[in-house]
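Visitor: So you can see what is in the structure, the chains are spelled out below.
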Amino acid sequence: MTKQPKPLPLPIYQPPAQTASVGLGKELAWVGSLLFLAVTLLLLLLGQTTAWRGLIGNIAINFLAIMVEALPFMLIGSLAGGLIEVFVPLAWVDRVVRRHRIRAVFLAGAMGLLLPVCECAIVPVIRRLLGKGVPLAAALTFLLAGPIVNGIVAASTAIAYSYDWMVPAVRLGSGYCIAVIIGLLLGRWFNRDNGLLPEWGKALPVSCGHQGCDHDGKPSRSARFRHALEHASDDFFSVGFYLVIGAFIAAFVRSVVPMDAFSHLLATPWQAILIMMVMAVLLNLCSEADAFIAASFRGILPGSAQMAFMVLGPMLDIKLLLMYLSVFRKRLIVALAFTVPTVVLVAMLTLQAFLPDLF
Amino acid sequence: MPTKILKCLLLALWAGFFAWLVVFGQGHLARLLHPKLWWLVVCGAVVLLLFLAVSCGKPATASREVSLWWRWPTFLILLVPLLYGIMLPTARFNAQTFAHRTVQPPDGPPVQTAQAAPVQPADEEEGEGEAAEVPLTRLNDQAARYAGREVETVCQGMRDPQLPEDLMICYRFLINCCAADARPVFIFVKKTGQAFPGNDSWVRVKGQLSVYENRGFTIPMITAETLTAEKEPAFPFLF
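One line per chain: the protein sequences are X and A, in this order.
Okay, so the first sequence: first residue is 1287 according to the working numbering, each after it adds one.
Okay, so the second sequence: first residue is -12 according to the working numbering, each after it adds one.
Only chain A is shown next, with the shape it has when bound in the complex (with noise of 0.2 Å):
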């Protein structure tokens, strides 16, 4: 009977846990999971609950089963992810992530290694002279079209001590399912006496765009006209 308790349980909290990041936590999941897969989250909440309806519905039989006292380890174990769940309001992927998943070569800046998916071209509307919101990625992809136009996009900020003092890296993260296999896609921001905002914020970088060549690596550079702080996008991630 404990041992369907517990694993009664076990199934509600994980089919409890689904239902609440697909109805109310939707913020968090943005943080998790590319939103072409949150179906699966639903339909891991569905089928837990036809597996709780079960558990819940079978009678109590003489268990054949190792007894509780070798199988309550494996149970809490289950409950593990849900613990760590605790950490979403606060968790952030930062600048230390950043540091782990680029290339950096001891004489230069780091390597771009995120690679987009095709990215759509840029709208056909948009003024020659105007500036609109674009993503990094296209900000990358198409650093030439872009060259001497006046962009506007909204990064996190950090500085890299390789870096000239009036430079900043203008980072986000790029993924194709899970926050697991985010990579990192970035420019420079080359500051004209804006006060460095600190190492992770988010920030909307407005300027022109050119292209920081240096020691054979070339990179999209913004020199900003204004760089002011923003307000961590509902969706952090690029895709």
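With the rest of the complex left out, here is chain X (with noise of 0.2 Å):
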């Protein structure tokens, strides 16, 4: 009598876990957590009051007009990302990528349109990447660039202004330079054993948390696709609520603050710039459905300051810092920290020079 194969298990999906490094945020984040939910609670109970009623009912519009346009831009995101975490062999990307170090990190700044993972989809990609030998600098210049330099992105911001193209375009282009230019410069100074954590680096890492699954394995179509669905699930569940803490902090600055206030910016793009790149780091949601954040500002903040915002955000923003901590050495997210502003800012500064009335 032979003996059977044993079948192969059909992947169930786990979500990811969490590491040290987030842990170590976790109660912060729990405590946050509250105390946004008591302030908007507070607030809506203000709004039921003769008094308030105006602007809690300016903030309620504003807050969920910027929600019902973003989050379907997320759900999408979640699910091309999903899709692309099952269905993209992963190493045929690597092979594209690893064969010369510096033609690789201009095709990293590209990959973007091949695989349009957002920015907070993106982590676990360059941690697999990274765990197949991927270089340092092209991995780094992926991070940077993919929420940018891809389609949805590119669509989201046509759909924010009006489908006037040259915005998507600078913002695409300007995104893949900047990356390019950071991954260059930082994979000079750093590699594999001074950027990565060593604890990390050892093994290879479970990406998106699909246990024990070969995406590229023998499961059939239908299971792979509820699979990426389970995954895109997840990601709605972990990023939605920065989304809404965003969305909900950027209505209530739109409600509260006259636009007399940003008028005297119109003078100094320079300090313009400035303000957006700080709200860009507090304030940005994702690279799907900043755009739209970013809009908002249109006739009041000059097109280079809106720029700064599109770009910057996707790049460094509170949450994706916090998630590198669980890829990168402290020395390497401190460079990029200092990097990655100042490239941005000397970027913009130029596009204001040279294109001051681009949109």
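Incorrect hints may appear among the rest.
Estimated spans, in silico, between C-beta atoms of each pair [stated by the list, open to error]:
{"hint": "1", "chain 1": "A", "residue 1": "Lys23", "chain 2": "X", "residue 2": "Gly1459", "range": "55 to 63 Å"}
{"hint": "2", "chain 1": "A", "residue 1": "Glu120", "chain 2": "X", "residue 2": "Leu1328", "range": "38 to 46 Å"}
{"hint": "3", "chain 1": "X", "residue 1": "Ala1639", "chain 2": "A", "residue 2": "Pro22", "range": "35 to 43 Å"}
{"hint": "4", "chain 1": "A", "residue 1": "Val29", "chain 2": "X", "residue 2": "Leu1568", "range": "27 to 35 Å"}
{"hint": "5", "chain 1": "X", "residue 1": "Leu1644", "chain 2": "A", "residue 2": "Ala221", "range": "50 to 58 Å"}
{"hint": "6", "chain 1": "X", "residue 1": "Arg1507", "chain 2": "A", "residue 2": "Val29", "range": "20 to 28 Å"}
{"hint": "7", "chain 1": "X", "residue 1": "Gly1459", "chain 2": "A", "residue 2": "Gly185", "range": "33 to 41 Å"}
{"hint": "8", "chain 1": "X", "residue 1": "Cys1463", "chain 2": "A", "residue 2": "Lys193", "range": "40 to 48 Å"}
{"hint": "9", "chain 1": "X", "residue 1": "Thr1336", "chain 2": "A", "residue 2": "Phe183", "range": "18 to 26 Å"}
{"hint": "10", "chain 1": "A", "residue 1": "Gly44", "chain 2": "X", "residue 2": "Gln1557", "range": "46 to 54 Å"}
{"hint": "11", "chain 1": "A", "residue 1": "Lys23", "chain 2": "X", "residue 2": "Gln1334", "range": "32 to 40 Å"}
{"hint": "12", "chain 1": "X", "residue 1": "Val1620", "chain 2": "A", "residue 2": "Lys218", "range": "31 to 39 Å"}
Just so you have them, the derived chain X footprint on chain A, three or more residues with Cβ under 8 Å [what the hints assert, rightly or not]:
{"hint": "13", "stretch": "55 to 69"}
{"hint": "14", "stretch": "124 to 137"}
{"hint": "15", "stretch": "154 to 165"}
{"hint": "16", "stretch": "173 to 180"}
{"hint": "17", "stretch": "213 to 226"}
Simulated from the structure, these hints should not be mistaken for lab results.
These figures come from a predicted structure and were not determined experimentally.
Every residue gets a Cβ at the ideal spot worked out from N, C-alpha and C, and that includes glycine.
The task is to assemble the complex, starting from two chains supplied on their own in separate frames and drawing on the hints.
Guide: Put into structure tokens, the structure is as follows:
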């Protein structure tokens, strides 16, 4: 009697395990979440009184408008990320990127066009790419460019700017150039030994939480599709609340701060660029949604300042900085935190100097 | 298991909210989003339903997730926009929004900041002296064309203490994508004996268009022959 071969197990989705570095901020995140809930609920209650009804009504309209517009994009992005995670063979990506280090950086900058992952999904992908031996410089370039240089972001930016295709072209172009410059720069100073966490580099991480699952393996197409949906659904829960917080803060600022406050900045574009860069780090939502936030400042702030928000946010915001802690050494994160804003500032000042009336 | 139930509940609530907006709540959706983007809401609902199907059908497994104790605030945060949805029936942009979104020099009237998309030329069949409803964007962009002609427009009324007693502001908001990017478009209305309708109330103004000039500012102005109360339009924003 011949022994039957053991059937391949159907992959059972497991949400990503939390790393120690993320766990470090768990209590803080919990308290912060409660604080946000308390503030929003208090404002909602105040909105039921006559004195506050007008202001809270304004906040509610802005908040819901941003959510109703941005959330579908985030959902589509999560879905695309899930499908890519499961259906795109990483071995192929690895083969294309790994051959020549310099060329790999230039290729990695545009890889988002093939792998349109948003900033919240890109860190696990980068871990997996690094685990397969992709050079650090190329991985950094993809990390920075991927959430900007992709078709979904181009489409959402075009829609936010009333199909003015110049805006996504400049966004994708500057995002690509900035990411390549930073990839080449940091690639000279950092390598896998001094840039990556040692405990992380020892084992191939489970990039998307599909424990024991080989995405390029044998499961049926429908099982893999279901698998992709589960991954995407988990992304929604991991990222959605950041979107809500960011949208609420943006709506609050939009409702409370009068335009006159910004009008003084129109005379000094560099101030506007700096302020929007700070806002990008603090308020950035998702590269597929932040164009709508930036577009709400159209006519108020110069185009270069809006572009600074759209370019810097997907590269360096608070939630990304936290996620970087699970992959990179602190010295590389500090280098990123210094280099990325500097290069973005120089790029946007150049943009302002040469194309002051871009949009 | 409780986490799974919570996730399914949240997905169902959001999918239901999006579906309700598209099917029954179009009046509310019109006050949030440009109609050209309503397909996004449909897409969002479909994706949420797909997520709901896989989340509810997924067998419960030994979880590697952070415990529910740490996660419940993030789940509640996802509910916050839906809670704010209860304000949708009454919340409106108003004179306060107008003031926040215009630049008003200390010694003059507010400055127009909204730039409309290129407007369609006036209909050829429009008679020269005939009154026809004209959007505020067109009155602003083609003020010279309409000067001296009788026009009719629908807008919200507002008094500005910096303006003469017989002048009121007639405004609406122009959006490109959603209400968050709304910017005011306005003209002046010169009353000829009519009562002031009250801040933010919708009015239909009919009269001759001229151009108001003061301290270097030029703003279209209708000398009102009639000023009547009007129901809020189905699409309150201009596009």
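Visitor: Does each hint hold? Answer for all of them.
Guide: Status of each hint after checking the structure:
no. : hint                             : result
1   : A:Lys23 / X:Gly1459: 55 to 63 Å  : violated, 26 Å
2   : A:Glu120 / X:Leu1328: 38 to 46 Å : holds, 43 Å
3   : X:Ala1639 / A:Pro22: 35 to 43 Å  : holds, 39 Å
4   : A:Val29 / X:Leu1568: 27 to 35 Å  : holds, 32 Å
5   : X:Leu1644 / A:Ala221: 50 to 58 Å : violated, 35 Å
6   : X:Arg1507 / A:Val29: 20 to 28 Å  : holds, 26 Å
7   : X:Gly1459 / A:Gly185: 33 to 41 Å : violated, 50 Å
8   : X:Cys1463 / A:Lys193: 40 to 48 Å : violated, 55 Å
9   : X:Thr1336 / A:Phe183: 18 to 26 Å : holds, 21 Å
10  : A:Gly44 / X:Gln1557: 46 to 54 Å  : holds, 53 Å
11  : A:Lys23 / X:Gln1334: 32 to 40 Å  : holds, 34 Å
12  : X:Val1620 / A:Lys218: 31 to 39 Å : violated, 59 Å
13  : 55 to 69                         : holds (count 9)
14  : 124 to 137                       : violated (count 0)
15  : 154 to 165                       : holds (count 3)
16  : 173 to 180                       : violated (count 0)
17  : 213 to 226                       : violated (count 0)
The structure shown violates the earlier hints numbered 1, 5, 7, 8, 12, 14, 16 and 17.
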